[in-house]
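Fit chain B to the known structure of chain A by using the hints.
Number of protein chains: 2
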Amino acid sequence: MSARVAFVGLGVMGFPMAGHLKAKGYDVTVYNRTAAKAEEWVKKHGGKSAPTPAAAARDMDFVMTMVGNDDDVLAVTTGSDGVLAAMAKGAILVDHTTASADVARKVFGLAKDKGIAFIDAPVSGGQAGAENGKLTVMCGGESAPFDRAKPVMDSYARAVTLLGAAGAGQLTKMVNQVCIAGRVQGLAEGIAFAEKAGLDADLVLDVISKGAAQSWQMENRWKTMTEGHFTHGFAVNWMRKDLSICLETARANGAHLPVAALVDQFYSEIQAMGGQRWDTSSLIARLER
Amino acid sequence: MSARVAFVGLGVMGFPMAGHLKAKGYDVTVYNRTAAKAEEWVKKHGGKSAPTPAAAARDMDFVMTMVGNDDDVLAVTTGSDGVLAAMAKGAILVDHTTASADVARKVFGLAKDKGIAFIDAPVSGGQAGAENGKLTVMCGGESAPFDRAKPVMDSYARAVTLLGAAGAGQLTKMVNQVCIAGRVQGLAEGIAFAEKAGLDADLVLDVISKGAAQSWQMENRWKTMTEGHFTHGFAVNWMRKDLSICLETARANGAHLPVAALVDQFYSEIQAMGGQRWDTSSLIARLER
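Protein chains in written order, with the working numbering: chain A, 4 to 292; chain B, 4 to 292.
Please note that the accuracy of each hint is not assured.
Same chains, same names: a pair is fine if it fits in one copy or spans any two.
To be verified - Mimicking DMTMM-like on lysine to aspartate or glutamate, the simulated pairs with C-alpha atoms at most 25 Å apart in a straight line are:
| no. | residue 1 | residue 2 |
| --- | --- | --- |
| 1 | Lys137 | Asp203 |
| 2 | Lys199 | Glu145 |
| 3 | Lys199 | Asp105 |
| 4 | Lys137 | Glu222 |
| 5 | Lys213 | Asp282 |
| 6 | Lys213 | Glu134 |
| 7 | Lys226 | Glu134 |
Since the hints were derived computationally from the structure, they do not count as laboratory data.
Chain A on its own, in the form it takes in the complex (with noise of 0.2 Å):
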């Protein structure tokens, strides 16, 4: 008999992310927050919704969790109707949210007390990744519950890792967000630039992305953002959710981020100018007001 799992959260990237599991043969009951995302899921894949996170996640082998921020993941493992109220001892709560460390390690603990082993395990990749079932996942927790959780999230991921100890995970996705905040800045810094001095924005950026200034964000976001268009990809206001994790986490430990502390105010901008669901390569619309 297949494993039990289930998917909570049903967003832009838990959907295809729970499709994926079903598709991979493990028997999935899903909840979502509007019931009606997850009656579309269960039409779409099969499998069962549930009415509360408790709910979806009883008798489960493997709860899986993909919501907006720390407060939603408090809600749905810790809640009087969350996860954890159910889960049998042994199992195992994975969260995919991308979430400070310091709930991590909160859930963790009162997970541990219950006998349930928790991996927090935040994602890179994006909605494509999510629907192409080829996400990296960063995570943090032990070892053991680790190995018997991986095989279920290469369901839809190309790399899972652990990291270290609970938070490690997240505390690496804020790595991955410090590295590319200041690089997306310098893109819109040197689009912007190139326009000005009237070059042809498109001619520079296609030689230039072929020698040491290529990076993912130029291959992938050059175009749109010389035309403008940002509707497409990892919005504003989910960035700035990252960014104060990571600057609050930085005050605490000592770290210094001064990129990224003036990015995030650049972004501040961004949601000022009414730019909340842009996405991030919008920091270019502030460089041409």
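Just chain B, lined up with the frame of chain A:
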């Protein structure tokens, strides 16, 4: 009979570039300010050396220059012993130095008055690219001489592109440097953050470098950055020269470069720490003090 080419400036870039020309069968004459270096080149590659830029450039079909900065470019091209004093009408002058677009336009005009074509042609790819003949060359100038000079530059390049009128090559190189500056700082912040958070930085970088945070800088520098080795690549003093050109140009044309300006200041701190000759990845050193 093969074309005659003069190469002026045999530094870490020019020395191997001139060598590639000789290996391709061009009739090469070199000049270098420190004559011993020119003798070393002749001993290794054959060809001839000359006592002044003008002497090297006399009767040449093509003259390539690769020197330090704006003043050096003006000295070897427009100075009393500069190449323009000796070049024949119809010959082509190519400057590979990373210099200002203003100087490129100035030399272009002075050359044009003498019936000589000028192409500003800064490169990317670094010392390794020069040595293995895989530079990217970004050109500004007129198309007819560009078409004639391109096969010569192909000797040491994998891509040679005309990006617009005089100065367009230099402006494109500046776009390249602007895109890279924020990225190296972001990478430094990410690594320092990982270390402060108690993560295994090598493991973290290995994981995130396979996702959207991937970049040339991450792939080629994170190991040396975590080890604190900064002696292998493009020097801080040279990056500050490039960023100074970027920032002056931006001031003149109204472009905003907030992160490039901030990173330029960080590099001034690295210089004050004694890191004038350190690699640009040494930005991490000021985060780890």
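The hints, checked one at a time:
1. For the identical chains of this complex, Lys137 and Asp203 are inter-copy neighbours only, at 24 Å across copies versus 34 Å inside a copy, given an alpha-carbon limit of 25 Å.
2. Taking identical chains as interchangeable, the C-alpha atoms of Lys199 and Glu145 lie at most 25 Å apart only when they sit on different chains, with a minimum of 21 Å there against 52 Å within one chain.
3. When the C-alpha separation of Lys199 and Asp105 is checked against a cutoff of 25 Å, the pair qualifies only between copies, where the shortest distance is 15 Å, while the shortest distance within a copy is 44 Å.
4. Proximity of Lys137 and Glu222 under a CA criterion of 25 Å is satisfied in both settings, with 18 Å inside one chain copy and 20 Å between copies.
5. Proximity of Lys213 to Asp282 under the C-alpha cut-off of 25 Å is found in both arrangements, the shortest distances being 24 Å within a copy and 22 Å between copies.
6. In the homo-oligomer, the alpha carbons of Lys213 and Glu134 lie at most 25 Å apart only across protomers (18 Å), although the nearest pairing inside one protomer, at 28 Å, exceeds that limit.
7. In the homo-oligomer, the alpha carbons of Lys226 and Glu134 lie at most 25 Å apart inside one protomer (23 Å), although the nearest pairing across protomers, at 32 Å, exceeds that limit.
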